[in-house]
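S.K.: Residues per chain, in single letters:
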Amino acid sequence: MDELTREFLIESQEGLDRMERCLTDLEERPQDAELIGDIFRSVHTIKGTTGFLGFKRLEKLAHAGENLLGLLRESKLTADRPLITGLLQLLDGLRSILKTIEAEDNEGEGDDAVLIANLEELQLPAQAQAKQPVHARAGGQAASAPPLPRPPAKVKPAPPAASAPPPLAPAPALPALAPAQPAEAVEAPAPGAKAPSAPEGDAPRQRVQTAGSAAESTLRVDVSLLNRMMNLVGELVLTRNQVLQATSADPGMTLLSRRLDMVTADLRESVMKARMQPVSNIFSKMPRMVRDLSQALGRRVRLEVEGQDTELDKSLLEAIKDPLTHAVRNSLDHGIEPPEARVAAGKNPEGILKLRAAQEGSHVIIEVSDDGAGIAVEKVRQKAIERGAITAGRAVHLGERELLQLIFLPGFSTADAVTNVSGRGVGMDVVRTNVEKIGGKVEIDSRAGKGTTLRLRIPLTLAIIPALIVRSVNQSFALPQGALSELVHISSEQAATAIEWIENVPLYRLRGKLLPLVFLDRLLMPGVEHKAASERDNFIAVLDPDGRRFGLVVDGLADPEEIVVKPLSAVLKDIGLFSGATVLGNAELALILDPGAIALKAGVAMREEEPACAVEGEPGAGAVKGLEYLLVEAGGHQAAVPLTDVLRIEQVPLKRIEYIGYRPVLNFEGQLLPVEDSGGVLAALEGNPEAQIIVVVCREGNRHVGIAVSHVLDVAAGGDLFQAGTAQRTGGVTLLKNRVTGVVDLGGVAPLAAGDEAPAAWNRMEETLA
Amino acid sequence: MSTATVALHGKEKAAATLVEMCTVRLGNTVFGVPITHILEIVGAARPRPVPLAPVFVGGLVHYRGDVLTTVSLRQLLGLPPREGRQDLLVLENPGGIFGLLVDSVGEVLTVSSADHEPNPSILNERRRALFAGAYKLKDSLLVMLDPEQLEPMRLSAGRAA
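Going down the list, the protein sequences come from chains A and B.
Letter 66 of the first sequence, counting from 1, is numbered 485 in our numbering, and no numbers are missing.
Letter 130 of the second sequence, counting from 1, is numbered 403 in our numbering, and no numbers are missing.
Hints may be right or wrong, so weigh each one.
Unchecked claim - Once the Cα atoms are required to be at most 25 Å apart in a straight line, the calculated DMTMM-like pairs of lysine to aspartate or glutamate come out as:
no.	chain 1	residue 1	chain 2	residue 2
1	A	Lys856	A	Glu981
2	A	Lys704	A	Glu528
3	A	Lys733	B	Glu313
4	A	Lys869	A	Asp848
5	A	Lys692	B	Asp339
6	A	Lys766	A	Glu819
7	A	Lys495	A	Glu539
8	A	Lys992	B	Glu365
9	A	Lys985	A	Asp680
10	A	Lys985	B	Asp339
11	A	Lys985	A	Glu730
12	A	Lys985	B	Asp360
13	A	Lys740	A	Glu725
14	A	Lys495	A	Asp451
15	A	Lys985	B	Glu365
16	A	Lys992	B	Glu421
17	A	Lys518	A	Glu528
18	A	Lys856	B	Asp339
19	B	Lys411	B	Glu293
20	A	Lys798	A	Glu730
21	A	Lys985	B	Glu313
22	A	Lys475	A	Asp421
23	B	Lys411	B	Glu365
24	A	Lys766	A	Asp680
25	A	Lys495	A	Glu426
26	A	Lys766	A	Glu730
27	A	Lys704	A	Glu954
28	A	Lys992	B	Glu293
29	A	Lys740	A	Asp421
30	A	Lys518	A	Asp641
31	A	Lys985	B	Glu421
32	A	Lys518	A	Glu422
33	A	Lys985	A	Glu654
Said to hold, decoys possible - Some residues of chain A that are not near chain B, with every Cβ distance over 12 Å (derived):
no.	residue
34	Arg647
35	Gly717
36	Leu942
37	Thr1001
38	Glu1007
These aren't lab readings, by the way, just hints derived from the structure by calculation.
Just so we're clear, the structure is a prediction, and the values are computed from it rather than from any experiment.
A virtual CB, placed ideally from N, CA and C, is assigned to each residue, including glycine.
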């Protein structure tokens, strides 16, 4: 394919993309002359250039479209729905021919007669309107015969045709002679096919010019070149670090190296910026899809888009295209109800689908929300039990949020029953997998009857991931933090008892549950004598890749680092334990461990209750396994505080506890905190001003309360207790470490009442507290 | 020395072509690598070992923003490992770039194809695949290495076969 054709393809593609956007906009604002002008220009440019390149089929089709658009531009036609549908079909037709050209370097054999006939039919209303009924247009060639009596409407689309070979062009190269021709149109034919700026009056022409200058100031760059630049910049950063170190003693060099430092940082940022693209690149595809789908499904939908300028690395943008498309499809198919149902539910018959993009720190958030029916949580619950994803007993305790997470389970959502009744979930696991592949997260939020919001959290760049640097076999390795759930340190003295063995399988009791251990050194260097666990410090990184939970034992931990992932050569990828390599801040090379592959290699199986575990891995879904509690001791009794309510644990001197009347309070960060002392901790220490007490600061509704305790013991998952006989869940107590433990009733902590003889200055605060 | 050889042969056989070779030393043997394949020579490289990698892999080195897999010529030829630093040749092949670890890099020689002889038949099979004959120098032999045969992927395929 020659350069000219390739350029033509790229340009036409862009033109058609623009046309698509304009067409969907046009449906909203059918009178917008600017939009029509834009659309006309896109088609016109294609037609003009094809004449040059000799793509007859493309030209014929473009020409038919152009005629129709010409009438539209002259307001001889109105942009009603059938017309826009026709134009969209034209768009698709042009696209498919372009695709064939790209693939095969010729236009292919397809027949566009039906499409063209349709486009001509759409012109009929305008022709009927015209004063002098020249219907020859529909008839094709004959139309070219009487150029002079042609009404002005016919003249305008003509100039572009000047470039086209005559046989099929109804308006021949005579426009300049037409007496009705406006002055501007007269000069236009001169530049001929090369000039994409069709004569359209002053305003549009100016816009064409600005568009042209924008094109001049931008440049197409191969992505691989950008990748290379990014690599080199990374290299420069490392070299800079070394230079900075080497020259730190020399005052003469300080200025120079500081300058190098600055320039490098700037350069790095610029190169990263060069890879960024606005999300509008994918958002702009949505209006068309929403239009087509909502028509096909009989929905009335308004699409609202926000934050189009938010930028994202190009490769990531590509990666989220499919999940996003899927999410939008889901919203239309299952979220937004048919108009009648909406009216019946007291809603506006027109549903709203909202796409929102925004940057939050080092992530970009992309939200797809609808005001549809939402997900029927109960149905999800039933279905989950039916499918055996969770047990009935467990399902009872799952909150809405946890239940919603179930729709991400692989296979769960593909079942027709869930799709039909719950109205959501086809292939949601695919959405999640795709997003997680690029280090992102998916969250879902749904209110029955109110709508659903799907939130994708995407990291800004793909190449940089947070990782914990661990040490083993005298080397550093990077452990991606995505799969890491916690770290446990076992000193050499503890190791003998803490690590238990079944035959030669090491295990560790993590909060009462056995966790299989994998010693990294033994895995990496089999057949070599390694120090026994009791001869060294052991760090267990508890990993949970794809529901395979295990502890990876390493010799040491270093700081977490944001690492730049570099690919490994095929021969090292084949080892199967490493997903890449990276250069650490100290210029040391480190291999990146692949937790999933390690689990496989070490033979760690999926846990039995795998689906539920997969849910556990979800952020914010920790509560699935029952609430977690902070276990505290107060005055000889143990009590539990729901961990989600705990804000802070503060150690304060006893003398900081003050009293309003008889009630102990703590001035905590300028706010007055009522301190609950049902355990008698304060009373026990009275008269000992040096004593320290521990106050657990909790959230209760929208106020904060403190609980005085003598010790904080542990964090543990609570089990529910059922009253014998009734099988009713009992409130106020939980099973913690196999002991029935009372849960502190935070709501029962009385608010500070205004009557409590409070010092006047504190009155205001009390009000805010209460 | 080399120019003398070339001059001599240049007079005798006008058809002979001249090639530039970078000499590398490994133990007592001098090997030659065509300089057209060499991107860069890095002195005193410190490759990072890769656990569980095939034996011929010398480790990873950081090269211009990329992480490069290296082939250790010593380990490839089954020679005992050597203490201390090694030099690194960065080689380019159609399949990509990789590193070759050698004891030391010497000079660049211009040799004439007229002095080339194929591998002797008594050379063991493994070496016959890696070497591309030898050039007769005035007082020694320059054993040719074939960069394409040294590709890590090809080596691992060869081992598996």
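S.K.: Each hint needs a verdict: does it hold in this structure or not?
M.R.: Hint check results:
1. At most 25 Å may separate the alpha-carbon atoms for a hinted pair to count; Lys856(A) and Glu981(A) meet this at roughly 17 Å.
2. In summary, the hint linking Lys704(A) to Glu528(A) is not supported, as the alpha carbons are separated by about 28 Å, beyond the 25 Å threshold.
3. Only pairs whose Cα atoms come within 25 Å are accepted, and Lys733(A) paired with Glu313(B) is rejected, the gap being roughly 32 Å.
4. Taking the CA atoms of Lys869(A) and Asp848(A), the gap is about 23 Å. The hint holds against a cut of 25 Å.
5. For a cut-off of 25 Å, the pair hint linking Lys692(A) to Asp339(B) stands: about 21 Å separates their Cα positions.
6. Proximity of Lys766(A) to Glu819(A) is assessed by CA-CA distance (about 24 Å); at most 25 Å being required, the pair is judged to hold.
7. For the hint pairing Lys495(A) with Glu539(A), the CA-to-CA distance comes to about 14 Å; that is within 25 Å, so the pair holds.
8. Between Lys992(A) and Glu365(B) the CA atoms are separated by roughly 20 Å; this keeps the pair inside 25 Å, and the hint holds.
9. This hinted pair checks out: Lys985(A) and Asp680(A) have alpha carbons roughly 23 Å apart, not beyond 25 Å.
10. Our distance criterion of 25 Å between C-alpha atoms is met by Lys985(A) and Asp339(B), whose separation comes to about 7 Å.
11. Restraint check for Lys985(A) and Glu730(A): the C-alpha separation of about 23 Å stays at or below 25 Å, so the hint holds.
12. Pair hint Lys985(A) plus Asp360(B) holds up; C-alpha atoms about 23 Å apart against a cutoff of 25 Å.
13. For the given pair, Lys740(A) sits about 17 Å from Glu725(A) by alpha-carbon distance, which is consistent with the 25 Å threshold.
14. Of the pairs offered as hints, the one joining Lys495(A) and Asp451(A) holds, with about 14 Å between alpha carbons and a cut-off of 25 Å not exceeded.
15. Only pairs whose Cα atoms come within 25 Å are accepted, and Lys985(A) paired with Glu365(B) is accepted, the gap being roughly 19 Å.
16. A hinted pair counts as satisfied when its Cα atoms are at most 25 Å apart, and Lys992(A) with Glu421(B) qualifies at roughly 20 Å.
17. Among the hinted pairs, Lys518(A) with Glu528(A) is consistent with the structure: their alpha-carbon atoms are about 13 Å apart, no more than 25 Å.
18. In summary, the hint linking Lys856(A) to Asp339(B) is supported, as the alpha carbons are separated by about 22 Å, within the 25 Å threshold.
19. Of the pairs offered as hints, the one joining Lys411(B) and Glu293(B) holds, with about 16 Å between alpha carbons and a cut-off of 25 Å not exceeded.
20. Between the alpha carbons of Lys798(A) and Glu730(A) the distance comes to roughly 38 Å, so the proposed pair goes past 25 Å and is violated.
21. The straight-line distance between the Cα atoms of Lys985(A) and Glu313(B) is roughly 20 Å, inside the 25 Å bound, and the hint therefore holds.
22. Of the supplied pair hints, the one linking Lys475(A) and Asp421(A) holds, its CA atoms being roughly 18 Å apart against a limit of 25 Å.
23. Between Lys411(B) and Glu365(B) the CA atoms are separated by roughly 30 Å; this puts the pair beyond 25 Å, and the hint is violated.
24. A hinted pair counts as satisfied when its Cα atoms are at most 25 Å apart, and Lys766(A) with Asp680(A) does not qualify at roughly 59 Å.
25. A hinted pair counts as satisfied when its Cα atoms are at most 25 Å apart, and Lys495(A) with Glu426(A) does not qualify at roughly 34 Å.
26. For the hint pairing Lys766(A) with Glu730(A), the CA-to-CA distance comes to about 34 Å; that exceeds 25 Å, so the pair is violated.
27. Distance restraint check for Lys704(A) and Glu954(A): the Cα-Cα separation of roughly 61 Å exceeds the 25 Å cut-off, and the hinted pair is therefore not satisfied.
28. A hinted pair counts as satisfied when its Cα atoms are at most 25 Å apart, and Lys992(A) with Glu293(B) does not qualify at roughly 35 Å.
29. Restraint check for Lys740(A) and Asp421(A): the C-alpha separation of about 30 Å exceeds 25 Å, so the hint is violated.
30. Of the pairs offered as hints, the one joining Lys518(A) and Asp641(A) holds, with about 20 Å between alpha carbons and a cut-off of 25 Å not exceeded.
31. For a cut-off of 25 Å, the pair hint linking Lys985(A) to Glu421(B) stands: about 24 Å separates their Cα positions.
32. Simply put, Lys518(A) and Glu422(A) have alpha-carbon atoms about 16 Å apart, close enough for the 25 Å limit, and the pair holds.
33. Pair hint Lys985(A) plus Glu654(A) holds up; C-alpha atoms about 12 Å apart against a cutoff of 25 Å.
34. The Cβ of Arg647(A) sits about 8 Å from the closest Cβ of chain B, inside the 12 Å cut-off, so the non-interface label is violated.
35. Distance check for Gly717(A) against chain B: the nearest CB is about 54 Å away, which clears 12 Å, and the non-interface claim stands.
36. A cut-off of 12 Å between C-beta atoms contradicts the statement that Leu942(A) is not in contact with chain B; the least separation is 8 Å.
37. Distance to chain B contradicts Thr1001(A) as a non-interface residue, since its nearest Cβ pair spans about 8 Å, not more than 12 Å.
38. The Cβ of Glu1007(A) sits about 8 Å from the closest Cβ of chain B, inside the 12 Å cut-off, so the non-interface label is violated.
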